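Undergrad: Working from the sequences, and respecting the hints, build out all of it.
Going down the list, the protein sequences come from chains G and A. Following the numbering used here, the numbering of the first sequence begins with 1044 at its first residue and continues without gaps. Following the numbering used here, the numbering of the second sequence begins with 1044 at its first residue and continues without gaps.
There may be inaccurate statements among the hints.
Below are the DSS-like pairs computed for lysine-lysine, each with C-alpha atoms no more than 30 angstroms apart in a straight line [stated by the list, open to error]:
| hint | chain 1 | residue 1 | chain 2 | residue 2 |
| --- | --- | --- | --- | --- |
| 1 | G | Lys1166 | A | Lys1328 |
| 2 | G | Lys1328 | A | Lys1216 |
| 3 | A | Lys1216 | A | Lys1167 |
| 4 | A | Lys1096 | G | Lys1328 |
| 5 | G | Lys1159 | A | Lys1135 |
| 6 | A | Lys1096 | A | Lys1251 |
| 7 | A | Lys1167 | A | Lys1133 |
| 8 | G | Lys1291 | A | Lys1251 |
| 9 | G | Lys1311 | G | Lys1072 |
| 10 | G | Lys1096 | G | Lys1118 |
| 11 | G | Lys1165 | A | Lys1328 |
| 12 | A | Lys1159 | G | Lys1311 |
| 13 | G | Lys1072 | A | Lys1291 |
| 14 | A | Lys1135 | A | Lys1165 |
| 15 | G | Lys1251 | A | Lys1159 |
| 16 | A | Lys1072 | A | Lys1165 |
| 17 | A | Lys1096 | A | Lys1072 |
| 18 | G | Lys1216 | A | Lys1328 |
| 19 | G | Lys1135 | G | Lys1166 |
Chain A is nowhere near these chain G residues, computed Cβ spacing over 10 angstroms in every case [unchecked claim]:
| hint | residue |
| --- | --- |
| 20 | Gln1142 |
| 21 | Pro1146 |
| 22 | Ser1172 |
| 23 | Thr1189 |
| 24 | Gly1200 |
| 25 | Gln1204 |
| 26 | His1205 |
| 27 | Ala1274 |
| 28 | Thr1276 |
| 29 | Thr1286 |
| 30 | Gly1289 |
| 31 | Leu1290 |
| 32 | Gly1297 |
| 33 | Glu1300 |
| 34 | Glu1302 |
No lab work stands behind these hints: they were computed from the structure. Predicted model, so just to flag it, every value in this text is computed and none were measured. Heads up, the beta-carbon is just placed ideally off N, CA and C, and yes, glycines get one too.
2 protein chains.
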Amino acid sequence: MSIEIRNVTKQFGDTLALDHVSLTLEENKIYGLLGNNGAGKSTLLSIITDRQKATEGCVLVDGENVSGNDAALGKLFLVGEQNLFPDDMKVKRAFDTAQMFYPNFDRAYAEATAEKFGLNLKKKITALSTGYASIFRLILGLSVNTPYLFFDEPVLGLDAQHRDLFYRLLVEKYAENPCTIVISTHLIAEVANLIEHTIIIRTGRILKNLPTEELMADAFTVSGPAATVDAFTSGRHILTSSTLGGLKTACVQGVPEGELPVGLELSKINLQDYFISMMEEEDQK
Amino acid sequence: MSIEIRNVTKQFGDTLALDHVSLTLEENKIYGLLGNNGAGKSTLLSIITDRQKATEGCVLVDGENVSGNDAALGKLFLVGEQNLFPDDMKVKRAFDTAQMFYPNFDRAYAEATAEKFGLNLKKKITALSTGYASIFRLILGLSVNTPYLFFDEPVLGLDAQHRDLFYRLLVEKYAENPCTIVISTHLIAEVANLIEHTIIIRTGRILKNLPTEELMADAFTVSGPAATVDAFTSGRHILTSSTLGGLKTACVQGVPEGELPVGLELSKINLQDYFISMMEEEDQK
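TA: Next up, the structure:
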């Protein structure tokens, strides 16, 4: 059981949105799909879920080509940025529709979750605020119970309390009913502890694709008096550094080696800062 | 030099969006305006900048009532969620307009900043993506050089690298040219180190209004074996707690007292988690 993305390329006019992307999404794992705006995240998710066609390459769901294949598509659900329901449809009615298309849609769970978020079932979908439109879509995602679940910017416009609720419900859902989840988000720090595997995409190409723990073991932060930090990091690959007064903090690629000089402090890098420093470095190339 | 918000109430039909809000915004300070969706943040910012009229109460800018007062309004700039420029206007032309209305608008800085963000000056404002529409507005904010500056959700839709760039530019700007800045945002963790003073608003009322440092000193996190944590926190006001295996982490109101039992670890609470736990607690009332 897995999704195989084989050599997928997507061209929009002169723009190469995806450039020969190959990836495997294994069963029962939570993936983070990270990348700047325009990197190709949404295009990739649209192609996996057959909302867009690849210019080249293909996507196999449990061994079957997804293109126009209803059985394969029934195993996937994308919580995207667009509303796919008719403009005047109410939330309650949209749940009815979801129930028709997804036999494992858990109606009772969807309604209970709507209540937790304070989503009014009688409202028209198009009348929802940015935050509640996101909430409506992520409730669908949490309730469909498909083996593969994709979230594209699920928390856009949500306040901190609702984001926290979403992350907690997602973990709960995953614990009770494991499935493959791919979360594409700009709020990297908030999902860092959730995602077991990190895929970083940049200008249509896969830059990193490895277990989050392995990625995080590949860099560290050292801080202390500037001169001591400089001596310790000399000859090493420094990703970013900042100095405040006489104190310097440097984010360094690799693992710390040798004895740590007195006055220096080592700490783990956080995923969001690491992502930013990687992007800064790529910009310099 | 200050802004005085005096007893401001705003009623929309049956809804009391703001309920007798009184606040002082002092000169040369960075404020965080925090609150869930629907709490009244945007309404408050709209009334301060005279885009909406208060049902009751008034706003004084350096002692003068802001209502219909061009001189007072010239001292304020709101980076809001709406585009106030004509639909077919290009970014470059919008900078021209800003220059006409705000004599201290720094055109060279605006263009250099647009380049840093990769914002195309020749694009029509309405053709910008969510991320670039935010970038366009926040560049205006960074360039107008008014003594009072308000940012309403300035980073909505921005990727992590662009958010980081914005925070760095904001700090740089503030260091070179101090002014009063109010940032309303749902990304609390990211601005926690920026905001000197925190205002928390809930259902139209001010819940907290104090220096961020003072607010943060009012709670702490303790973790360790569940039984030891329970004994240490017994009789105390526990905001939230979570247990994983036999380890418990509790977020506790107040300052830690007495000797810390062996095996327990104290840490500072983070502003976003503190905010969420405050909201959870208010929900229970």
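Undergrad: Next, verify each hint and record whether it holds.
TA: Okay, the hints, checked on the actual structure:
At most 30 angstroms may separate the alpha-carbon atoms for a hinted pair to count; G:Lys1166 and A:Lys1328 meet this at roughly 26 angstroms. As the CA atoms of G:Lys1328 and A:Lys1216 are separated by approximately 28 angstroms, the hinted pair is consistent with the 30 angstroms bound. Between A:Lys1216 and A:Lys1167 the alpha-carbon distance is near 27 angstroms, which keeps this suggested pair within the 30 angstroms criterion. A hinted pair counts as satisfied when its Cα atoms are at most 30 angstroms apart, and A:Lys1096 with G:Lys1328 does not qualify at roughly 51 angstroms.
For the given pair, G:Lys1159 sits about 45 angstroms from A:Lys1135 by alpha-carbon distance, which is inconsistent with the 30 angstroms threshold. With a C-alpha separation of about 24 angstroms, the suggested pairing of A:Lys1096 with A:Lys1251 holds against the 30 angstroms cut-off. Simply put, A:Lys1167 and A:Lys1133 have alpha-carbon atoms about 4 angstroms apart, close enough for the 30 angstroms limit, and the pair holds. A threshold of 30 angstroms between alpha carbons decides the hint, and for G:Lys1291 with A:Lys1251 the separation of about 34 angstroms lies outside it, so the pair is violated.
For the given pair, G:Lys1311 sits about 24 angstroms from G:Lys1072 by alpha-carbon distance, which is consistent with the 30 angstroms threshold. Our distance criterion of 30 angstroms between C-alpha atoms is met by G:Lys1096 and G:Lys1118, whose separation comes to about 18 angstroms. Proximity of G:Lys1165 to A:Lys1328 is assessed by CA-CA distance (about 26 angstroms); at most 30 angstroms being required, the pair is judged to hold. Note on A:Lys1159 and G:Lys1311: the hinted pairing holds, with a Cα-Cα distance of about 29 angstroms set against a maximum of 30 angstroms.
At most 30 angstroms may separate the alpha-carbon atoms for a hinted pair to count; G:Lys1072 and A:Lys1291 meet this at roughly 26 angstroms. Proximity of A:Lys1135 to A:Lys1165 is assessed by CA-CA distance (about 6 angstroms); at most 30 angstroms being required, the pair is judged to hold. Proposed proximity of G:Lys1251 and A:Lys1159 is supported: the alpha carbons are some 25 angstroms apart, at most 30 angstroms. Between the alpha carbons of A:Lys1072 and A:Lys1165 the distance comes to roughly 35 angstroms, so the proposed pair goes past 30 angstroms and is violated.
Among the hinted pairs, A:Lys1096 with A:Lys1072 is consistent with the structure: their alpha-carbon atoms are about 25 angstroms apart, no more than 30 angstroms. The hinted pair formed by G:Lys1216 and A:Lys1328 meets the criterion: a straight-line CA distance of about 28 angstroms does not exceed 30 angstroms. Between G:Lys1135 and G:Lys1166, the direct Cα distance comes to roughly 8 angstroms. Compliance with the 30 angstroms bound is thereby established for this hinted pair. Distance check for G:Gln1142 against chain A: the nearest CB is about 28 angstroms away, which clears 10 angstroms, and the non-interface claim stands.
Non-interface call for G:Pro1146 relative to chain A: holds, since the shortest CB-CB distance, roughly 33 angstroms, exceeds 10 angstroms. Interface exclusion of G:Ser1172 from chain A breaks down, the closest Cβ pair being 7 angstroms apart, not more than 10 angstroms. Chain A leaves G:Thr1189 outside its interface by the beta-carbon criterion, the shortest separation being 27 angstroms against a cut-off of 10 angstroms. With a least beta-carbon separation of about 7 angstroms from chain A, G:Gly1200 fails to lie farther than 10 angstroms from that chain, contradicting its non-interface assignment.
The claim that G:Gln1204 lies off the interface is violated: its Cβ sits roughly 5 angstroms from the closest Cβ of chain A, which falls inside the 10 angstroms cut-off. The Cβ of G:His1205 sits about 8 angstroms from the closest Cβ of chain A, inside the 10 angstroms cut-off, so the non-interface label is violated. Chain A leaves G:Ala1274 outside its interface by the beta-carbon criterion, the shortest separation being 27 angstroms against a cut-off of 10 angstroms. For G:Thr1276, the requirement that its beta carbon stay farther than 10 angstroms from each beta carbon of chain A is met, with the minimum near 21 angstroms.
Residue-level check passed: G:Thr1286 sits 14 angstroms from the nearest beta carbon of chain A, beyond 10 angstroms. With a cut of 10 angstroms on Cβ distances, G:Gly1289 stays outside the contact zone with chain A, its closest approach being about 18 angstroms. Interface exclusion of G:Leu1290 from chain A stands, the closest Cβ pair being 15 angstroms apart, more than 10 angstroms. With a closest Cβ-Cβ approach of about 22 angstroms to chain A, G:Gly1297 is found to remain outside the 10 angstroms limit, as its non-interface label requires.
Distance check for G:Glu1300 against chain A: the nearest CB is about 28 angstroms away, which clears 10 angstroms, and the non-interface claim stands. Listed as outside the interface, G:Glu1302 is consistent with that label: its C-beta sits roughly 26 angstroms from the nearest C-beta of chain A, beyond the 10 angstroms cut-off.
In this structure, the earlier hints numbered 4, 5, 8, 16, 22, 24, 25, 26 are contradicted, and the remaining ones agree with it.
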